[in-house]
Amino acid sequence: MDLIGFGIVIPFLTYLVEDLAAEQGIVEVGIWVGLLMTSYSAAQFLFSPIWGSISDKIGRRPVLMIGLVGNTVFFTMFGLANTLLIALVARFLAGVFNGNIAVARAYIGDVSSPKQLATRMGIIGAAFGLGFTIGPFIGGELSNPASRWSYFESTIFDTYPYLLPCLAASVLSLLSLIVAYRNLPESLPEESRTKKSDDNLKIRFKKSISNISSTLTSGSISIIIWMTMLFVFGFTIMHAVFILYTGMDVESGGLSFNEAQNGRIFAVIGIAGILTQGFLIGPLSRKFGSRNLLPISCLLTGIGLTLIPYTEYEYAFLQLGFVALLIAVGNGLFQPSSSSILTSFAKQKDMELGVVMGAQESVSSFSRILGPLTGGFVWVLTVDGKAPFDYHTAFLLCGILMVMAALLSLKIPKQDEFTLSEE
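In this text, residue positions in the sequence shown follow the numbering used here: the first is 10, and each later residue adds one.
These are calculated hints, taken from the structure and not from any lab test. Treat the hints with care, as some may be off.
Unchecked claim - Calculated lysine-lysine pairs in the DSS-like style (CA-CA distance at most 27 Å, straight line):
(1) K420 with K356
(2) K124 with K356
(3) K296 with K358
(4) K420 with K124
(5) K356 with K395
(6) K296 with K66
(7) K296 with K356
(8) K296 with K420
(9) K124 with K395
(10) K66 with K356
(11) K358 with K66
Being a predicted model, the structure only gives us computed values, none of them experimental.
Could you put together the complete structure from these sequences and hints?
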């Protein structure tokens with residue numbers, strides 16, 4: 010559900026901003042697209058380590074359920090936003106209550122043996138991929154229903170054209186909450202939890218910042234986290250500029266896509282990612298090792314991102330389909346490989362898994378803050394320029410960041426991930 014929250018707005022965000030900005034006399038659409046995408050990740054960056062630390066104290070299950078409650082409430086609030094400020098607040102609050110990625114990975118780490126980690130991280134990655142598939146698909150197919158189906162004319166969905174996909178996501182969150190309440194066992198035994206304290210929120214936040222700082226300077230763990238930051242930074246620049254590029258008119262070099270067409274492209278990325286993480290990551294990691302898959306995954310993703318703006322209108326879906334496969338396979342290999350190696354290092358060093366995963370997710374969220382903002386600013390500065398500094402520029406930046414991540418991955422020690430020793 011966490012990735013549904015991030016992905017559901019992607020297909021229609023540009024159009025929502027254009028609608029609300031026109032009513033308020035705002036002209037910098039690209040910057041506001043970046044801000045709205047950034048607000049969700051900014052909240053995650055601030056609160057993921059706190060939720061990770063809390064999950065080490067009270068268990069993973071209640072924290073996961075709190076996130077689902079937040080999803081249910083704030084998806085609906087976003088759909089009802091009638092100003093850019095309300096939309097911004099709704100996205101931020103949704104991010105506050107979503108520490109789910111880090112805690113879910115910690116949950117898998119709790120219940121997995123070293124040899125099971127890569128495969129199980131692949132499965133959870135496939136689940137996240139499913140969320141990333143469902144999110145853009147819902148966002149694209151259910152956007153602006155009054156203009157597509159007469160049944161919705163003169164209803165609340167005519168007044169709020171993006172409420173329907175947000176309500177659908179809220180219902181899915183509510184169903185997930187019910188399933189989790191009834192069927193999800195706690196993964197962290199009472200005796201394994203850190204000692205509870207009476208720390209207030211300010212003290213806990215300071216401890217969380219300290220935890221992030223320590224992991225960023227902790228040998229091999231810091232390499233993995235910095236590599237993740239570069240990868241996510243490049244990937245989320247694409248999230249902001251993809252819809253700006255595809256929505257641009259054909260005469261200017263774009264594709265004139267609508268919300269549904271954008272959602273379908275992201276659905277292809279999500280489905281291919283699910284297949285990669287659900288079926289390929291286990292055999293490939295056993296054959297080649299998770300460390301060796303990392304540079305390959307970065308380069309595949311980088312090639313795909315760089316090729317996006319070279320799409321020809323006549324062959325758009327064929328070419329973007331190929332590009333989507335490259336991106337999906339690269340991302341599908343990267344996420345579980347990096348998580349399994351990081352989990353192994355943390356266990357070997359006897360570090361609290363919730364803290365380490367929370368730090369990784371905070372850094373990833375920080376990248377998701379920088380990515381859309383950077384993408385929006387680069388787009389505004391270059392979209393009307395001349396080659397090489399034109400609408401291609403942001404996508405080329407994505408490729409450069411992926412190459413940097415690939416080079417950094419080569420610094421991870423060449424040892425079996427499950428018998429690692431710090432130098």
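- Message: Taking the earlier hints as the rules, which of them does this structure contradict?
- Response: 5, 6, 9
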